[in-house]
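Keeping their order, the protein sequence lines are chains A and B.
Under this note's numbering, the first sequence has 24 at position 24, and the numbering climbs by one with no breaks.
Under this note's numbering, the second sequence has 81 at position 81, and the numbering climbs by one with no breaks.
FYI, nobody ran anything at the bench for these hints, they're computed from the structure.
Check before you lean on any hint, since a few could be wrong.
Because identical chains share one entry, a pair is satisfied inside a single copy or across any pair of copies.
To be verified - No farther apart than 30 Å at their CA atoms in a straight line, the calculated lysine-lysine pairs in the DSSO-like style are these:
id, residue 1, residue 2
1, K13, K40
2, K55, K99
3, K142, K40
4, K142, K13
5, K55, K142
6, K142, K14
7, K142, K99
8, K40, K60
All values derive from a computational prediction rather than experimental measurement.
The chain contents come next:
There are 2 protein chains.
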Amino acid sequence: MRVTEPAGRRERKKAQTRQSLADAALELFLERGYDQVGVKDVADHADVSVTTLFKHFSGKEALVFDQDDDLEAELVAAVRERPPGQSIPQALREHLLLKQTQLAIHATDPRFADFTRLVQETPALRDYAQRMWTRHEAALAKAIAEAVGAPEDDVSCAALARFAVEARGLVLRHAEPRRAADEAFALLEHGWAASHPNG
Amino acid sequence: MRVTEPAGRRERKKAQTRQSLADAALELFLERGYDQVGVKDVADHADVSVTTLFKHFSGKEALVFDQDDDLEAELVAAVRERPPGQSIPQALREHLLLKQTQLAIHATDPRFADFTRLVQETPALRDYAQRMWTRHEAALAKAIAEAVGAPEDDVSCAALARFAVEARGLVLRHAEPRRAADEAFALLEHGWAASHPNG
DNA sequence: CTGTGAAAGTGTAGCGATTGCACTTATTTA
DNA sequence: TAAATAAGTGCAATCGCTACACTTTCACAG
Numbered sequence: 001m002r003v004t005e006p007a008g009r010r011e012r013k014k015a016q017t018r019q020s021l022a023d024a025a026l027e028l029f030l031e032r033g034y035d036q037v038g039v040k041d042v043a044d045h046a047d048v049s050v051t052t053l054f055k056h057f058s059g060k061e062a063l064v065f066d067q068d069d070d071l072e073a074e075l076v077a078a079v080r081e082r083p084p085g086q087s088i089p090q091a092l093r094e095h096l097l098l099k100q101t102q103l104a105i106h107a108t109d110p111r112f113a114d115f116t117r118l119v120q121e122t123p124a125l126r127d128y129a130q131r132m133w134t135r136h137e138a139a140l141a142k143a144i145a146e147a148v149g150a151p152e153d154d155v156s157c158a159a160l161a162r163f164a165v166e167a168r169g170l171v172l173r174h175a176e177p178r179r180a181a182d183e184a185f186a187l188l189e190h191g192w193a194a195s196h197p198n199g
Numbered sequence: 001m002r003v004t005e006p007a008g009r010r011e012r013k014k015a016q017t018r019q020s021l022a023d024a025a026l027e028l029f030l031e032r033g034y035d036q037v038g039v040k041d042v043a044d045h046a047d048v049s050v051t052t053l054f055k056h057f058s059g060k061e062a063l064v065f066d067q068d069d070d071l072e073a074e075l076v077a078a079v080r081e082r083p084p085g086q087s088i089p090q091a092l093r094e095h096l097l098l099k100q101t102q103l104a105i106h107a108t109d110p111r112f113a114d115f116t117r118l119v120q121e122t123p124a125l126r127d128y129a130q131r132m133w134t135r136h137e138a139a140l141a142k143a144i145a146e147a148v149g150a151p152e153d154d155v156s157c158a159a160l161a162r163f164a165v166e167a168r169g170l171v172l173r174h175a176e177p178r179r180a181a182d183e184a185f186a187l188l189e190h191g192w193a194a195s196h197p198n199g
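Input sequences plus hints: build the corresponding full structure.
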């Protein structure tokens, strides 16, 4: 009985079903392409009904993103617990670069590159991923505002939050992510420093 | 025979059908809410078949955005033909603020405010509007690069383009658009000036 | 004029994602 | 062990959207 896995047989079976679905989805999507696979196919392949599939996942796109939940907390933590001397834009740049190399279902999965390509080449998935981040924009804005002692609805904090999550999309499609991130965040860095000398 | 309306009866009828659909859609959406109206309802109300509706509009959301076409040209022009002494971020801020007060189907329509509210309150429409702008991000990035003599795929130009169109969404949901735009673009302004002293 | 081909429009049938409903089965818990 | 709970099932239906085969209408050349 591991710490992360609550004992009950019921919960274990539930988790297993969910995992079967996620695995089936990833496998089929990689094999045939997202649009060439129906939710029915995924359900059949995982040996459950379509109804059950939708009890576990909010939609077809969600099948490949199994970990939305921690994103927000980590994002906020990246700002709040950044090392002393590091600016907020810097902290966000580092966090996003780090995340990019973890976003796979299993970090150890050799199909990681394929997964990333799948997401980038499928509009529906690309958009979904972007919205996943944008959903936490408000929380991030609030964290930034707190970090610099600005009012909670400060516009420039909201702007920095938005721009930072958008920068992710920009960086992803570039061959040299590190360099792209540096350039994109340099813009934010300088702009931010100008209005928040203490940030 | 006006300059804007090509003579042929055929083309006139086509334009009229399209207009009927757009009118019906706006009316019904405002009355019942976007999600409570089906494309069938719109088609019936405009007295055409559903098939015809989709011959005129690429999807349900497109029914309320009748003018995507000029957006890109205007966006590029805003950068290319900006008054001397005006920075690129400034030019984009002004352009977006201007656009925001024109985006109605008819600028003279008293229902303008309702329309804006509808779009902002309906996720599907908000997202669609955002994508409408994002679709022209590449063209804008290119125009910016040309304006400052940077390579066509320069990352900071792409970043400025993306941030500028994203700033729009930020500004829209604020009570004081002018002030919000000033703050959001101040960030870009300073960041941009730091790396492009000649921009 | 006229007839012919393109363009606009129609109705039906259907697909794929998603939901609601009534139901069975398995697990938990009192 | 029985009642309560939650997972899973199958089916029908909705909704956006497309394909198809068809009719009507207009433009234009002969």
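Can you give the numbers of the hints that this structure goes against, from lowest to highest?
Violated: hints 3, 4, 5 and 6.
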